[in-house]
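S.K.: Residue-level listing of the chains:
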Amino acid sequence: MQKNGHDAASVVRDTIYRATMALDDQKWDDWLNLCDEEFHYRISAFSPEINKDMIYLQGKRKDMEGLVKLLPKHNTDHSPLRRHTSVYTVEVADDMSSAEAVSSFVIYQNMLDGVNSHLDSGESRLFLVGKYYDKFKLEDGKAKFVNREVRLDNRRLDKGSHWPL
Amino acid sequence: MPARNHSQWLANPELKEGEWIDSRVYSDQEIFNDEMEKIFKRVWVPVCHESELPEPYDFRTTSIAGEPIIVSRGPDKEIRAFLNVCPHRGMLLERRPSGSFLEGQPSGNPKRITCMFHAWQFDMKGNCVYVAREKEGYQDRLCKENVGLRRLRCEVKFGGFVWVTLDDSPKVSLEEWAGEPFECLRESIDAEPLEVFHYHKAIIDTNYKLWHDTNSEFYHDFMHYHNRVTGFNDAYFARKNFAFKHGHVVVGTFEVNYENYEGFESRAELSFPHLPPNQWYMVDLFPGMNFNLRGSALRCDIVTPLGPDKVMIEFRGLGLKRDTPQEREIRINHHNSIWGPFGRNLHEDLIGVAGQGTTMRPHTEQRRILHGRQENQTIHDEVGMRHYYDEWGRWMNRLPNDPEKSWHERNPAEAAAAAE
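The listed protein sequences derive, respectively, from chains L and G.
Oh and the first sequence: position 150 is 150 in the numbering used here, straight run, nothing missing.
Oh and the second sequence: position 338 is 338 in the numbering used here, straight run, nothing missing.
Among these hints, one or two may not hold up.
Pair ranges (Cβ atoms, derived) [said to hold, decoys possible]:
hint : chain 1 : residue 1 : chain 2 : residue 2 : range
1    : G       : Asp76     : L       : Leu126    : 40 to 48 Å
2    : G       : Asn5      : L       : Leu119    : 20 to 28 Å
3    : L       : Leu126    : G       : Pro54     : 31 to 39 Å
4    : G       : Leu306    : L       : Val129    : 20 to 28 Å
5    : G       : Leu306    : L       : Pro80     : 21 to 29 Å
6    : L       : Gly66     : G       : Arg186    : 33 to 41 Å
7    : G       : Arg361    : L       : Lys73     : 24 to 32 Å
8    : G       : Ala416    : L       : Pro80     : 53 to 61 Å
9    : G       : Asn5      : L       : Leu126    : 42 to 50 Å
If you are wondering where the hints come from, they were derived from the structure by calculation, not from laboratory data.
We put the beta carbon where it would ideally sit given N, CA and C, even for glycine.
For reference, chain L alone in the conformation it holds in the complex:
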């Protein structure tokens, strides 16, 4: 473990960015390896239409493992999702055993299928905007995700996606 909170915050930031790259590259196992056994994942949004907080998808680590394992059996849009993540805040607990972070993200679809791949492939389109609210366990100089809430601004989601965000 690092000697001070500054080092711990750097580890948290590094872990968030590693997760970003793993998700961009669809390296699902690499992403899950950044997550603790107690990991919980949730995609949520607030709908002013129905005036409710909503959960669009959620699961524990085991559920997410099952989800990504079965992806090859599902038809899906082939256009890769890639994201820009900016870590806004990292709060390390006084006892240095946990941390919380807030990041913003912009996810874009780098069109492969598109509406008509002949016309659309190669283009990048804005897909989702929101924030990651992450919680970490800090141990042995590493930060492991124990919770990630993907908080979307979008409620217009068009074709949606099968992939973790």
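Since the structure of chain L is already known, use the hints to place chain G on it.
M.R.: Coordinates of chain G only, in the frame set by chain L:
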């Protein structure tokens, strides 16, 4: 047969009339314009659910056939619908998707629908109650009592959905319109109040009927790994489609084996009232609304056609209003694991209709779209679509397989009976 040349490709299929249609019904702007006038401005449309405006003065905004609509709950708790249009100079009265008129607005008072432009104000019954500087500007030539909002027919029915029609004299009442197809669900969705827990929308470059077609045929279950492993068994293949008056279809139930999909669970413990465990009913209403009850969660799709090649689909998920937080969370998981924007099935369905939309864009070559599977009205029989397009032809006075020809001329006896 080997791959076909152009004339073979354009030849009519060796199927009976009604078993195939001309793709222009999905792509032609003139037909689309006709549909808005002849169908969407005349049918009952479920625009939202009563739980979206639970308190007096709550409102929701929506639209039918391009006409903006406001739905509000009065202090008497009655839900009413109006055109969301100021009678003064046509300003949109309320710009937000939802809210409460209990709060005053910069241009107006609490408990009023206020036009922000010139501060005209209306009460929850649509009466105009204030015209700014009325006497100074209009003297006795126009008075506020004569410039109320345009009220629309509105009913809360079939599980608490708010139904609106732009037609002041609809051909049939809402009960006559949809009562029979809803019979299979009534006990379950009217036993106690429901509540919306999920909302999202998709705007897809495709025709609205292609979405309804997808909801009306289950042959496409080959596309869904989830449905194959949880469904394909003798009971599934015996599942029947039932056609009802006005172009509606009900897909009969069977027991789904959710546990067959790794990580998923039975929904038996949270079944809707009176619904046997893990049963699955589906009601497809002409011209494009769908109610889908899978054991523990009800889904409703409402289409808003935006053009021959563009549709908005609003997706709602509903549970029981009395759900505990734990029950609600389970229902939400059940709903979204399949039907959410990141669920296993919905994404696949939307890819399917987007792909159809790509091949049937305006000005593409007309194609023959086959609706000819006949399997004793069981699950992969395409009777649902055939029934729909027969009704569509009646409303549009166009033959679905040759839309420039008159349906009435082809069906003179039925046309005469309908005219009476």
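S.K.: Now tell me, hint by hint, if it's right for this structure.
M.R.: Hint-by-hint comparison with the structure:
no.: 1; hint: Asp76(G) / Leu126(L): 40 to 48 Å; in the structure: holds (44 Å)
no.: 2; hint: Asn5(G) / Leu119(L): 20 to 28 Å; in the structure: holds (26 Å)
no.: 3; hint: Leu126(L) / Pro54(G): 31 to 39 Å; in the structure: holds (34 Å)
no.: 4; hint: Leu306(G) / Val129(L): 20 to 28 Å; in the structure: holds (23 Å)
no.: 5; hint: Leu306(G) / Pro80(L): 21 to 29 Å; in the structure: holds (28 Å)
no.: 6; hint: Gly66(L) / Arg186(G): 33 to 41 Å; in the structure: holds (36 Å)
no.: 7; hint: Arg361(G) / Lys73(L): 24 to 32 Å; in the structure: holds (31 Å)
no.: 8; hint: Ala416(G) / Pro80(L): 53 to 61 Å; in the structure: holds (58 Å)
no.: 9; hint: Asn5(G) / Leu126(L): 42 to 50 Å; in the structure: holds (43 Å)
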